[in-house]
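K.L.:
Knowing the structure of chain G, use the given hints to seat chain S on it.
Spelled out from the first residue to the last, the chains are:
Number of protein chains: 2
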Amino acid sequence: MARINHHFLKLASGYLFPEIARRVRAFEQDNPTLAPRVIRCGIGDVTEPLPDAAIKALHAGVDDLAKRETFKGYGPPTGYAFVREAIAQGDFATRGVTIDPDEIFLSDGSKPDANGFLSMLGEGNVIAVSDPVYPVYVDTNVMAGNTGEAGHGLNSVRYDDLVYLETGPSNGFVAAPPHHRVDVAYLCFPNNPTGAVATRAQLEAWVRYAHDNDTLLLFDAAYEAFIQDPSIPHSIYEIDGAKDVAVEFRSFSKVGGFTGVRAGYTVVPTTVTGLTPEGLRQPFHPLWHRRWATCSNGVSWPVQRAVAALYSDEGRAQTGELVRFYIENARLLRAAVKSIGLNVFGGENAPYVWAQCPQGLSSWDAFDLLLREAQVVITPGAGFGRCGEGYFRISAFNSRANVVEVGHRLSALTAMRSV
Amino acid sequence: MARINHHFLKLASGYLFPEIARRVRAFEQDNPTLAPRVIRCGIGDVTEPLPDAAIKALHAGVDDLAKRETFKGYGPPTGYAFVREAIAQGDFATRGVTIDPDEIFLSDGSKPDANGFLSMLGEGNVIAVSDPVYPVYVDTNVMAGNTGEAGHGLNSVRYDDLVYLETGPSNGFVAAPPHHRVDVAYLCFPNNPTGAVATRAQLEAWVRYAHDNDTLLLFDAAYEAFIQDPSIPHSIYEIDGAKDVAVEFRSFSKVGGFTGVRAGYTVVPTTVTGLTPEGLRQPFHPLWHRRWATCSNGVSWPVQRAVAALYSDEGRAQTGELVRFYIENARLLRAAVKSIGLNVFGGENAPYVWAQCPQGLSSWDAFDLLLREAQVVITPGAGFGRCGEGYFRISAFNSRANVVEVGHRLSALTAMRSV
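Keeping their order, the protein sequence lines are chains G and S.
Take 7 as the starting number for the first sequence in my numbering and just add one per residue.
Take 7 as the starting number for the second sequence in my numbering and just add one per residue.
Please keep in mind that the hints were generated in silico from the structure rather than gathered at the bench.
Hints are supplied without guarantee of correctness; some may be wrong.
Which copy is meant is left open, so a pair is good if it fits within one copy or across any two.
[Stated by the list, open to error] Below, computed lysine to any residue pairings styled on SDA-like, alpha-carbon distance capped at 25 angstroms:
hint, residue 1, residue 2
1, K73, P364
2, K62, R74
3, K73, A182
4, K73, H295
5, K344, L367
6, K344, W370
7, K78, S318
8, K78, Y317
9, K62, E75
10, K73, I49
11, K62, A72
12, K62, I346
Every value quoted in this text rests on a predicted model; they were computed, and no experiment measured them.
Here chain G stands alone, though its shape is the one from the complex (with noise of 0.2 angstroms):
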């Protein structure tokens, strides 16, 4: 009988999502008079419609695979050049950063990137992450047999040779380079789920981490668009050297409104390496070009023409109006985390506030005290891993309509002010 890969079985519970949404069917159920009010702040999912930029190529793109002429069949599989030239154009020449198209990998999502980005590493790597962290990054890593089992203790899971970076209030959720070294770690700035940004100061020091340790960094911009305040750099590329060290992953689902589009991208330099079993340095960049070669047809059609809509002026315009929507979004709930006397951190650069329990609750109590009394679905702290005990994330991805109502029934909510 052909072997599984066992790695998968050490995998400690459900996904984090897939957990939050069966606990609100069962409320919804149980409660069906307060099922109508339920308002969902919990999984970082857009609300607002698509750029009429972005509607306007979809559509072109479509119409295109309507007419013989003008029909698109495969592609080459890391996208179109146009495409790649307008990100590189748009992300990165603006920023004064020099990325080669061809160094820019168009995917269906940046969940698939960092997962697929696995398979170019070998085994024994030791891999560090954040605590708190974006669950995928563990659970890719454990499916790909980079950690050990799951151990359990303080109310969270955590993986045996697998380095957690523990953050908290005291480093403002940026956890510093540790004093050993670590062969791959991945940053997530602004930050999932904290909402905390790197300055450049403390990139710079993971650059030079890198640099000195050989370490191989997995930077994660998906929610770049987001950042308020000019000195925080949008690419781990505005840092000098950090094209020798440093993959990037970038998403269209928030700037854009993506979520249910698809697409995303990858930046490999060219001069990433890593080690082959001879001790030698190999770029990864012919070998993530073969995987995709391989293993991909690269992404629909009109979707291509949409994400190149997003860098026209009229696209820029557009998502810009739906980042500062959802940004005052976070400002809103801020104000009324506050307003109940809790501490909150995020939700200036980021769609993510970063709310404080009160003490004695934990954050799955938070989770169902919330869903209980105001019928508002957050995500636990301690879905993200043991330093999110205590915490829980309120996403801005909303209207502004819920995020109102959500702001006052937080307001109302003496039993979170008095646990």
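P.N.:
For chain S alone, kept in the frame of chain G given last:
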């Protein structure tokens, strides 16, 4: 430094189709006056516009994303229920096969699925492929570490520890099960590249073998829509007992002309199992489900609507027409190949015509000769494995005008006759 997946370095040469593209580009650059005459019958890419039902559904799906009330963000990772229900009904129930919609996993294509499924498998499995073989099966197994090093010989690479089941005219290009056991066997019918189909009795022999040997069958039915002979099964699940041993890959690339739209699906019955290190049977279904939840956010919303539309009465009528169009192309190409005295296979229940080279001509010789003398691009059989040497594949995916023109050029090609 991060250790790379050194199995990638075993890959012996570029993926077949980029290599063909390279040679064609070189020819066009060296012969600018002949370049406009080049007709591509190499890569199996469709040429005709999408069925109108799909176009309408794509536009409607885009319109959904333009309004807050109908906006769709993240969907179920494995596809919306209405799409999976349409598939279960249209592709299986209509053939008397019961597949639960939850056993269907919608994806952005069959290539990513074939690769992704290997992440379900552990180390040390013995894998069998046919020869000639769709190169993706081999290359993805090389990258996954399921093979040894590349060996060379007879103009075509073979990898150690991979089992090649040889096919040719004597077995009608349909491999019988081997006399020894393997853990995993790939089957592709209608076959890419040979266009061969397996009879019910031949598939029954494989399912029996799989039961007797606890072998996992990976059945690729990407071309099932082209089957004209009513006695030939379209799905491995038409064979009793197959739901215990087989996973099936499907694609909308050819039936719906979706090569540039990107959609396919995989059927993983809950009853198919693999072996844990403790010697226990473990169903693949929950593992594959977990992988989807963790590593993907599903397929573009407008694309999902388009998939469902292919199963409407209108959609079925239109895909039927599209399939008949390409099958008629295949008939014309078969006749042209026959007219110059070459042996020909396939092309009756498949969009691929498999022609035998004149004696003394290698398949890359035939490729170069056809490009140079007739400006027709075919796929050399050696690109599909050792047993493909001495053959070439002509794709019927083309306009009628091009197919007729290719027929004329082939008939006039004395060089092919006289070699």
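K.L.:
If a hint holds in the structure, say so; if it does not, say that too.
P.N.:
How the hints compare with the structure:
no., hint, verdict
1, K73 to P364, "neither (61 angstroms within a copy, 39 angstroms between copies)"
2, K62 to R74, "both (20 angstroms within a copy, 16 angstroms between copies)"
3, K73 to A182, "neither (55 angstroms within a copy, 43 angstroms between copies)"
4, K73 to H295, "neither (31 angstroms within a copy, 37 angstroms between copies)"
5, K344 to L367, "within (17 angstroms within a copy, 79 angstroms between copies)"
6, K344 to W370, "within (20 angstroms within a copy, 72 angstroms between copies)"
7, K78 to S318, "both (22 angstroms within a copy, 24 angstroms between copies)"
8, K78 to Y317, "both (22 angstroms within a copy, 22 angstroms between copies)"
9, K62 to E75, "both (20 angstroms within a copy, 18 angstroms between copies)"
10, K73 to I49, "between (39 angstroms within a copy, 20 angstroms between copies)"
11, K62 to A72, "both (16 angstroms within a copy, 10 angstroms between copies)"
12, K62 to I346, "neither (44 angstroms within a copy, 50 angstroms between copies)"
When each numbered hint is compared with the structure, violations occur for hints 1, 3, 4 and 12.
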